[in-house]
Structures are given as structure tokens and as C-alpha cells.
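Peer 1: Take the sequences, apply the hints, and build the full model.
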Amino acid sequence: MVIYIFGSLSILLLIGIVIGYYFSEKGYSGQISSHFDGSKFFNPNGKSGNGIKEVFKLIHSRKPTKWIENYETFTRDTLINDNLTDSLRLVFVNHSTFLIQVDSVNILIDPIWSDRCSPIQWMGPKRNRPPGITFNSLPKIDVVLISHNHYDHLDKNTVLKLQQKFTPQFIVPLGVSHFFRRLGIENVTEIDWNKNMNVNNLKITAMPAVHFSSRGLFDRDKTLWCGFMVEGSKTIYYAGDTAYDDTIFKTIGETFPNIDVAIIPIGAYKPNWFMAPIHTSPNEAVQIHLDIKSKKAIATHFGTFALADEGQGEAGDDLRKALEYYKIPREQFLLPDEGVFYTY
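Taken in order, the sequence shown gives residues 71 to 414; the numbers are from our numbering.
I should point out that these hints are in silico values taken from the structure, not numbers from a laboratory. You can trust all of the hints, since none of them are fake.
Simulated pairs of lysine-lysine, DSS-like, Cα-Cα distance not exceeding 25 Å:
| # | residue 1 | residue 2 |
| --- | --- | --- |
| 1 | K117 | K320 |
| 2 | K265 | K320 |
| 3 | K117 | K96 |
| 4 | K210 | K273 |
| 5 | K265 | K363 |
Just so it is clear, the structure is predicted and the values come from calculations on it, not from any experiment.
Peer 2: So, in C-alpha cells, the structure goes:
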């Protein structure tokens, strides 16, 4: 019996290693920089995601609250028209997915319409709310911004559907284009921190963030992570997935003094000892808003997938508390509803 159990565990371990190898990405090969050592990317402030020891500690100490699927909610299922005005229009799909309409350009950020943010669709974090707009209601998508390669931000099924229907320009951090080219997608451009490119009269710059990357067991930090600054008639900042860092965000505020709208993550922050190196809490999200001096802010990365130990709705409650603490009106830092147009 002992031999049988040991043999079964060995087989499961072997299967796990094979799967982990299969989903690992090739990674980036290029010049050494302030955040790349020739093999891996790193956060210049020294912060990094937790290792195996901390992961096992989290597994044994977790106190997650149960999330309940809530599909009794508004979902927009009519075709969204192009925004032909001089205003900026945003639609929160959910999790980290936004449709941005500015200067007659339609942009999607970190799109995911799959039921799970996982390499396989029969297990892994499950969607608890439907997308706020259906895929078929999307207007023609011109540009897709991908902040990093985690499954809740880079979803294979959604990428393939976008390619088939729209053939947009995908803009990704260094090393992530390999994922697209394995799918036969060539309309993809890699971009490094603080580098920019012009697309459809918009200037798009990859911004530093404090996070990590991986899709398998053997590609940790082999590709870059980033936020994005989109400059046109309006300036939109998307922070991506990031931990708080006062130097990075104060520098962004000094470099880009006229940010009209900042899209800032507020979710996946508990337990703090594990999540703080890679994610911002609602309180830290408000601090980012203050550091970059954005005119308006809107929350993201909450309410859809149970990725950490905070309860369902807790991120929104903590954001409201933080705004009250800093004496900031709620309309200055919105907790968005899915499928609703926000115009600036």
C-alpha cells in the first residue's frame, strides 16, 4: 500500500512537472537593462513575488471567504457604437478588462471573456460575475494592450477570438510576443518600460510596475510586466498589476502631469504579508491616485475572480473607507459598474 501511494504521488508529481513545462513561456532574450539581468526581469526596488516557502505557508494559513456566483446583473448585449466625439469613453467589462474609446480608436486592455483564468477551463479560478458586455457587442477593436502574461490578464481563448474577428494591433511587454506567435499571430509589438509607439494618432508608452510574470513552472520573470500611458486628446493611465512604490508613481506624476483618468487596481490584497509585494490594497490605490495627481481615477482588478482572501465586495468597501480617510469625494475615484459608459 505504501509503495502504491508513493508511486501514485510520483506519477502526479511527474504529470504536474510536464504540464508546468508545457505552459512555460520561452521568455525574452535581449540587452541587460535596469530591470533585466540577461535572463530574468526584476523590480528595481528589490520587491519580488513570494517563493515556494511562502506559497506553502499561505496554503496552510489561508482563510479565504466564500464567493457566490452572481449572474443577476446587467450585461450589455447590443452593439457598441464608435465614439466619434472629442470625449473619452470607458466601459468596465470586469476584472481588469476595459474598453477605452478615445479619438475614434477602440482599445481593449487585458481582455478576458473565458469562464476561468486558468490554462485549462475545467479547473482554476472561476468567474463569479459575467462580463459586463458580451463579446459580440464589441465595436471593431483597433488596439489590445496586455500588461503581463498571467492568466487573468492574458487569456488565450479571448486573444484568438479577437484575432479572428478584428485582427487588432496587440501591444505587449518584452518577451510576451512569443505567446502570440505560437498562436500564429504576427500583428503584435513588444515594448519596454518608458518606450513608446504611435498607433492611430495615439502615443502609447509602457510604464514601470512592481509585479512578476509566469505561465508555467519554469518561466518565472522570463517576460516583462508593465502599465500603459495612452496619450491623445485625453491622457489615460492604466497601472496594470502592481504593488505600491512611491518612487515609481511620484515619478509618473512628474513625467505626465496631466493624467485625465487613471485605472488603478484595488483587488487581491489579502493576506497583506503575501500580496503586498505584487498587488496594491485599496488604500494604496488611493495613494497612487494622489502620487500621480490624476484628475479622475477608476478602480479595476476586483469583483470577478476570487484570487485572494478578501471577501466578495470587501475591496469596494475598503476603497470607500480609504477615500473617506483621505477626504476624497467618491466621484473622484469611481468603483465602476460593469457595462456602464463613463464619459470624461
